[in-house]
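Enquirer: Each chain, letter by letter, is given below.
Number of protein chains: 2
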Amino acid sequence: MTDTRPIHQPANDRSAELPVGPRPAVPPMPDDLARWASADAVARPVRLARLRERMAQEAVDVYFGVSRENTRYLTGFVLAEGEEKVAGDSGRFLVSPAEVVVLVDSRYREQAEEECRGLRIEESYYDLPDRWEAIVRSLRAADGRPVRRVAVEATLVSHALWQALQAAAPDVELVAAGSWVEELRAVKEPAEIERIAAACAVADEALTRLLPSIRPGVTEHDLALQLEWEMRTHGAEALAFDVTCLSGPRAALPHGSPGDRPVTAGGVLLFDFGAQVAGYRSDMTRTLFVGEPSRRELELYRLVAVSQEAAFRALAEAASEHDAPTGVSVDAAARDVIAAAGHGDHFGHGLGHGIGLATHEMPSLSRRALPAPLPWPTVFSIEPGIYLPGETGIRIEDLVVFDPESDTLERLTGFPREVTVVGS
Amino acid sequence: MTDTRPIHQPANDRSAELPVGPRPAVPPMPDDLARWASADAVARPVRLARLRERMAQEAVDVYFGVSRENTRYLTGFVLAEGEEKVAGDSGRFLVSPAEVVVLVDSRYREQAEEECRGLRIEESYYDLPDRWEAIVRSLRAADGRPVRRVAVEATLVSHALWQALQAAAPDVELVAAGSWVEELRAVKEPAEIERIAAACAVADEALTRLLPSIRPGVTEHDLALQLEWEMRTHGAEALAFDVTCLSGPRAALPHGSPGDRPVTAGGVLLFDFGAQVAGYRSDMTRTLFVGEPSRRELELYRLVAVSQEAAFRALAEAASEHDAPTGVSVDAAARDVIAAAGHGDHFGHGLGHGIGLATHEMPSLSRRALPAPLPWPTVFSIEPGIYLPGETGIRIEDLVVFDPESDTLERLTGFPREVTVVGS
Numbered sequence: 005m006t007d008t009r010p011i012h013q014p015a016n017d018r019s020a021e022l023p024v025g026p027r028p029a030v031p032p033m034p035d036d037l038a039r040w041a042s043a044d045a046v047a048r049p050v051r052l053a054r055l056r057e058r059m060a061q062e063a064v065d066v067y068f069g070v071s072r073e074n075t076r077y078l079t080g081f082v083l084a085e086g087e088e089k090v091a092g093d094s095g096r097f098l099v100s101p102a103e104v105v106v107l108v109d110s111r112y113r114e115q116a117e118e119e120c121r122g123l124r125i126e127e128s129y130y131d132l133p134d135r136w137e138a139i140v141r142s143l144r145a146a147d148g149r150p151v152r153r154v155a156v157e158a159t160l161v162s163h164a165l166w167q168a169l170q171a172a173a174p175d176v177e178l179v180a181a182g183s184w185v186e187e188l189r190a191v192k193e194p195a196e197i198e199r200i201a202a203a204c205a206v207a208d209e210a211l212t213r214l215l216p217s218i219r220p221g222v223t224e225h226d227l228a229l230q231l232e233w234e235m236r237t238h239g240a241e242a243l244a245f246d247v248t249c250l251s252g253p254r255a256a257l258p259h260g261s262p263g264d265r266p267v268t269a270g271g272v273l274l275f276d277f278g279a280q281v282a283g284y285r286s287d288m289t290r291t292l293f294v295g296e297p298s299r300r301e302l303e304l305y306r307l308v309a310v311s312q313e314a315a316f317r318a319l320a321e322a323a324s325e326h327d328a329p330t331g332v333s334v335d336a337a338a339r340d341v342i343a344a345a346g347h348g349d350h351f352g353h354g355l356g357h358g359i360g361l362a363t364h365e366m367p368s369l370s371r372r373a374l375p376a377p378l379p380w381p382t383v384f385s386i387e388p389g390i391y392l393p394g395e396t397g398i399r400i401e402d403l404v405v406f407d408p409e410s411d412t413l414e415r416l417t418g419f420p421r422e423v424t425v426v427g428s
Numbered sequence: 005m006t007d008t009r010p011i012h013q014p015a016n017d018r019s020a021e022l023p024v025g026p027r028p029a030v031p032p033m034p035d036d037l038a039r040w041a042s043a044d045a046v047a048r049p050v051r052l053a054r055l056r057e058r059m060a061q062e063a064v065d066v067y068f069g070v071s072r073e074n075t076r077y078l079t080g081f082v083l084a085e086g087e088e089k090v091a092g093d094s095g096r097f098l099v100s101p102a103e104v105v106v107l108v109d110s111r112y113r114e115q116a117e118e119e120c121r122g123l124r125i126e127e128s129y130y131d132l133p134d135r136w137e138a139i140v141r142s143l144r145a146a147d148g149r150p151v152r153r154v155a156v157e158a159t160l161v162s163h164a165l166w167q168a169l170q171a172a173a174p175d176v177e178l179v180a181a182g183s184w185v186e187e188l189r190a191v192k193e194p195a196e197i198e199r200i201a202a203a204c205a206v207a208d209e210a211l212t213r214l215l216p217s218i219r220p221g222v223t224e225h226d227l228a229l230q231l232e233w234e235m236r237t238h239g240a241e242a243l244a245f246d247v248t249c250l251s252g253p254r255a256a257l258p259h260g261s262p263g264d265r266p267v268t269a270g271g272v273l274l275f276d277f278g279a280q281v282a283g284y285r286s287d288m289t290r291t292l293f294v295g296e297p298s299r300r301e302l303e304l305y306r307l308v309a310v311s312q313e314a315a316f317r318a319l320a321e322a323a324s325e326h327d328a329p330t331g332v333s334v335d336a337a338a339r340d341v342i343a344a345a346g347h348g349d350h351f352g353h354g355l356g357h358g359i360g361l362a363t364h365e366m367p368s369l370s371r372r373a374l375p376a377p378l379p380w381p382t383v384f385s386i387e388p389g390i391y392l393p394g395e396t397g398i399r400i401e402d403l404v405v406f407d408p409e410s411d412t413l414e415r416l417t418g419f420p421r422e423v424t425v426v427g428s
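Taken in sequence, the protein lines are chains A and B. Per my numbering, the first sequence starts with residue 5, numbered consecutively. Per my numbering, the second sequence starts with residue 5, numbered consecutively.
It is possible that part of the hints are untrue.
Which copy? The list can't say, so a pair holds if one copy fits it or any two copies do.
[What the hints assert, rightly or not] Cut-off 20 Å, straight-line C-alpha distance, at most; resulting in silico cross-link-like pairs (EDC-like, lysine to aspartate or glutamate): (1) Lys89 - Asp131; (2) Lys89 - Glu73; (3) Lys89 - Glu325; (4) Lys89 - Asp246; (5) Lys89 - Asp349; (6) Lys89 - Glu177; (7) Lys89 - Glu187; (8) Lys89 - Glu21; (9) Lys89 - Asp109; (10) Lys89 - Glu422; (11) Lys89 - Asp407; (12) Lys89 - Glu321; (13) Lys89 - Glu209; (14) Lys89 - Asp147.
In short, the hints are calculated from the structure, not lab data.
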């Protein structure tokens, strides 16, 4: 039986519950998929135009990218998570002022012809340095002269590949690209937000369906597998990441893997999980109570919830003033609540991260975040936590869409944040 | 109903069927897991000693690694596939003549303390360049002097990180490490081969259980999901990679993703899939026939099977002479068969790849492989294929263990290679 209780005492006036945004139908219908595909087809030239503006500002003639997510965002070519490790040069791409070149080996040629219509497809099979000079020579700078400066995704391209490309065409200068595409990706188009919301809805429903199976004796591993199965058979094309399911003191491991440990009554059960729908991802953490919660764990739970609400409030106030706070300030708003209660040292990670084609992307909300205002419209997580090694761990994570231009701050994750008691 | 037929006409004398090696029990029992964990604990110091020998030969004082697989192999620290993307510096490691340092952020500290007993654990959170100088200064070269040369996994470390580390300690020379650890990993210990064999057995059983579900009308996606589920609920802790399930002309895409296309009678159905057991992976391709095969597809299937047998024969002959052929020569033995039948252009990929902690690792068997003899004992795939765009695709992939020292050449994948007709 599941028992849901309000987080706060009725007299508590600090409550700042965030409305849950529109709920897309899940699983997505073929119409949705077709609509999202057309939206991408319309958006891709706009995204490329923005990148080319940035290239012009930075005085580079060509952009060379290798990120799985940037490839999909700019060219439409799809690789699964991890597939880039076995795909050789496939999916790597070059953008010049007039052209987009997608590299593939023979295994991926038909796929690229389907997914990258109108783009130039070139063969390359783990041997890009041998082809580099010819490819770069075939491109032209904005004024038609030969290419002199190529921006490279230096945080992803290996040092060895960089050196080999430099040696292959010594008169073409390689420069480290900034987070130009990542900054574009941080600003979400409506069809991107829809897909993240759909992924959230898949995850919400999956956890709801899992609740009756949670009882003392069942293992973390079996619950994680069942939760995954609920998502994969009800609309998720993949997971956003491996399901975390940690019980009791194990919940103090913020990234532990589910094990063969049986769930026991009287402890927490922490789920951190996400779905992927049409390329876009969700991410949610819920800490449930198996059987009657202890007073101490309830207090910790309320503290984490109040910390999360402090972040919601900081964002909502900024949105209502059509303003964007920095990631550092939102992190501080939540962190101060936990630190004031003496648990500052037990909240070791950042408050949140952007999400979209990647599970973790820009913007970052943390002590180390950029001092610049958050971009918008954007989607990110708000996930404060308290971890007491050997004792317990509590985290509440929701995704929000933030758009101060339209005074929008909505939760995309719909599963209740209230104290939820299961297995009793 | 499933109908299995011999590949060859009775008069065909080219048959070179390979014996299937010992079949481990699946799912693995707690005893197996404990035995493999102890074997790793005993082997890790030996692996480190070999790496240190190589470091001495190459005159480097410290090895800096970031590969998920190398971390697990040398330190025991486990990251799931793709987790390194969100793990920051966690799992990166340094090996000096006297010490091993594993970097983790607070999220992974407890895990590292469990998995890396006896190693030095240092905190780092996406800020390694800030800590680099202090960490390197804390280590000593073999003769006790300060560290001067650090070998870096240059094919995995990004150019940006390399530059930042160089700037953080300008008097410490960074040099590109060769495939030193990857070469160690190519030589398999008995407990590693056992785990690959267990992963093969999980995959064999999963496909066997899937067969009754294959019939015209069911989609590629649903079959792929069911095959995955069979593996995940019967011994696989994870997949080696996303299941490929392609029907009819789609089988010509060697790496296509399963879609909503229903399986139709009269075409092929290609499965490429693998399981992971205790960190180690399997990889197998079977091309089944849905309903009565056409004469042309049967001929192609036989051609691919004979090509695979030619590779088996080349390896078996070498093994019986306690000799190791090169990856190029084994590839050629199989490729010549396909080329002689006029399909050389329809076999675009390499013949095989090593497998272990990674799905693709050393050694490579291809036209571009190293000219050196294959290492041993080792495990790799033999996977010739013929792809006719828009028409059909056929691939047969088995894993073999090769050890000429003991005249061993065995198949680890046990599912029949014979012509298999399903859904009739």
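Enquirer: Are the hints correct? Go through all of them and say.
Expert: Evaluation of the provided hints:
In this homomeric assembly, Lys89 and Asp131 come within 20 Å of each other (Cα to Cα) only inside a single copy, at 15 Å, whereas the closest approach across copies is 24 Å. Taking the shortest alpha-carbon separations for Lys89 and Glu73, both the intra-copy value of 14 Å and the inter-copy value of 12 Å come in at or below 20 Å. Taking the shortest alpha-carbon separations for Lys89 and Glu325, neither the intra-copy value of 45 Å nor the inter-copy value of 36 Å comes in at or below 20 Å. Taking identical chains as interchangeable, the C-alpha atoms of Lys89 and Asp246 lie at most 20 Å apart whether they share a chain (18 Å) or sit on different chains (13 Å).
Taking the shortest alpha-carbon separations for Lys89 and Asp349, neither the intra-copy value of 37 Å nor the inter-copy value of 25 Å comes in at or below 20 Å. Taking the closest pair of Cα atoms, Lys89 and Glu177 never come within 20 Å of each other, the shortest separation being 27 Å inside a single copy and 28 Å across copies. For the homomeric pair Lys89 and Glu187, the shortest alpha-carbon distance between copies (18 Å) is at most 20 Å, but the shortest distance inside one copy (24 Å) is not. Taking identical chains as interchangeable, the C-alpha atoms of Lys89 and Glu21 are never at most 20 Å apart, the minima being 42 Å within one chain and 32 Å between chains.
Proximity of Lys89 to Asp109 under the C-alpha cut-off of 20 Å is restricted to the intra-copy arrangement: shortest distance 14 Å within a copy versus 24 Å between copies. Within a single copy, Lys89 and Glu422 get their C-alpha atoms no closer than 41 Å, and across copies no closer than 32 Å, so neither meets the 20 Å cut-off. In this assembly of identical chains, the alpha carbons of Lys89 and Asp407 never lie at most 20 Å apart, being 36 Å within a copy and 28 Å across copies at closest. For the identical chains of this complex, Lys89 and Glu321 are neighbours neither inside a copy (44 Å) nor across copies (33 Å), given an alpha-carbon limit of 20 Å.
In this homomeric assembly, Lys89 and Glu209 never come within 20 Å of each other (Cα to Cα): the closest approach is 32 Å inside a single copy and 27 Å across copies. Taking the closest pair of Cα atoms, Lys89 and Asp147 never come within 20 Å of each other, the shortest separation being 36 Å inside a single copy and 38 Å across copies.
Of the numbered hints listed earlier, those contradicted by the structure are 3, 5, 6, 8, 10, 11, 12, 13, 14.
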